[in-house]
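Student: With these hints in hand, go ahead and build the complete structure from the sequences.
The listed protein sequences correspond, in order, to chains A and B.
The first sequence begins at 0 in numbering that gives the first Met the number 0 and counts up one residue at a time.
The second sequence begins at 0 in numbering that gives the first Met the number 0 and counts up one residue at a time.
Rather than coming from a laboratory, the hints here were simulated on the basis of the structure.
Model, not experiment: these values are computed from the prediction.
There is no bait here: all hints are sound.
Now the stretches of chain B that chain A is said to cover, found in silico as 3 or more residues with beta-carbon under 8 Å:
#	region
1	3-11
2	41-52
3	71-84
Even glycine gets a Cβ: it sits at the ideal position worked out from N, Cα and C.
There are 2 protein chains.
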Amino acid sequence: MAGPETPKLMVDVVVPSQEGHILLIRRASDPYEGQWALPGGFVEVGETLEEAAVREAGEETGLTVDIVRLVGVYSDPDRDPRGHNVSCAYLARAQEGEPEAASDAAEASFLDPSTVELAFDHEKIVADALSGDAPLTY
Amino acid sequence: MAGPETPKLMVDVVVPSQEGHILLIRRASDPYEGQWALPGGFVEVGETLEEAAVREAGEETGLTVDIVRLVGVYSDPDRDPRGHNVSCAYLARAQEGEPEAASDAAEASFLDPSTVELAFDHEKIVADALSGDAPLTY
Chain A
0 MAGPETPKLM VDVVVPSQEG HILLIRRASD PYEGQWALPG GFVEVGETLE EAAVREAGEE
60 TGLTVDIVRL VGVYSDPDRD PRGHNVSCAY LARAQEGEPE AASDAAEASF LDPSTVELAF
120 DHEKIVADAL SGDAPLTY
Chain B
0 MAGPETPKLM VDVVVPSQEG HILLIRRASD PYEGQWALPG GFVEVGETLE EAAVREAGEE
60 TGLTVDIVRL VGVYSDPDRD PRGHNVSCAY LARAQEGEPE AASDAAEASF LDPSTVELAF
120 DHEKIVADAL SGDAPLTY
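Tutor: Structure follows, in C-alpha cells:
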C-alpha cells in the first residue's frame, strides 16, 4: 500500500459481565506469554476498527460481542515490546454464551480484574473503560 | 518493523477560534487538491498521536496548538482514496498568532466551516468535534 510507514494499528476489547467481571484471555505466546490480557489484535486492511474488535473477541474467546463505545486510543511508543503498536480500545457487551479459548489464547474467562496482573497497559485500559461517563448496563 | 500490515494511521485536528471558525488548510496536492481540509497527516513511528497532531498543525499552519481531547476514530476503508487510512481526530486550542500556510498547505485560515466544502470525511469530524459533551471554551 502506498504511503509512509506509520505505527501499526491494533484493537483491544473490554467486555464486562453482568457481575462486573472482565473477559480476559491468557496469552499463548510472547510477549507476556502466560499472562492475562484483554482480547485484541492487529487490524486488517479493509475492515473498520469496530469490525476488527468484534472479529478478535470472537476468534480468541468464541463469544459474539456488540460494540458499545470507544474507550480511548493508546499510542505510547513503549507500550508494546514488539514495536510501536497503537491500540484503539472499545467497550463491548457479550451475547449469550461461555468463553472458550481459541486462536492466540490459552484460556478465556470472565475474571475480577483486580485479582490478576494484566499484560501491556491493559490495567489502564480497563480502568478507563469502567470510569466512563456512560457505564455499561445490561 | 515486525508484524502484519495494518491500515495506516493519521491524525486530524479541529481547532476552533474564539469566534467559532475552524482552522482549515487548502490542499496543495492530490487527493482533493485545492479543496479545504483539516490540518493533519500521517503519524510517524515513535511519536504519540497527540505529538503527531501538534506537529502536523504546526507544520501546515505555523500555529502551536494544545490538545483538548480525542474527538473520535474514523476507520471506514473508503474514507481516503489513497488507501485504508485510519484517522484519529483531536480537538485542540490554538495559541496566539495568525495562521500561515506551509508544508502541504496552499493556504491556512480560520473559516466558517458551513461556507466551504471539506475534503475526505472532515465535515463529519468537525460536526462530531463541535457536538461534544464538553464544548471548547477559551
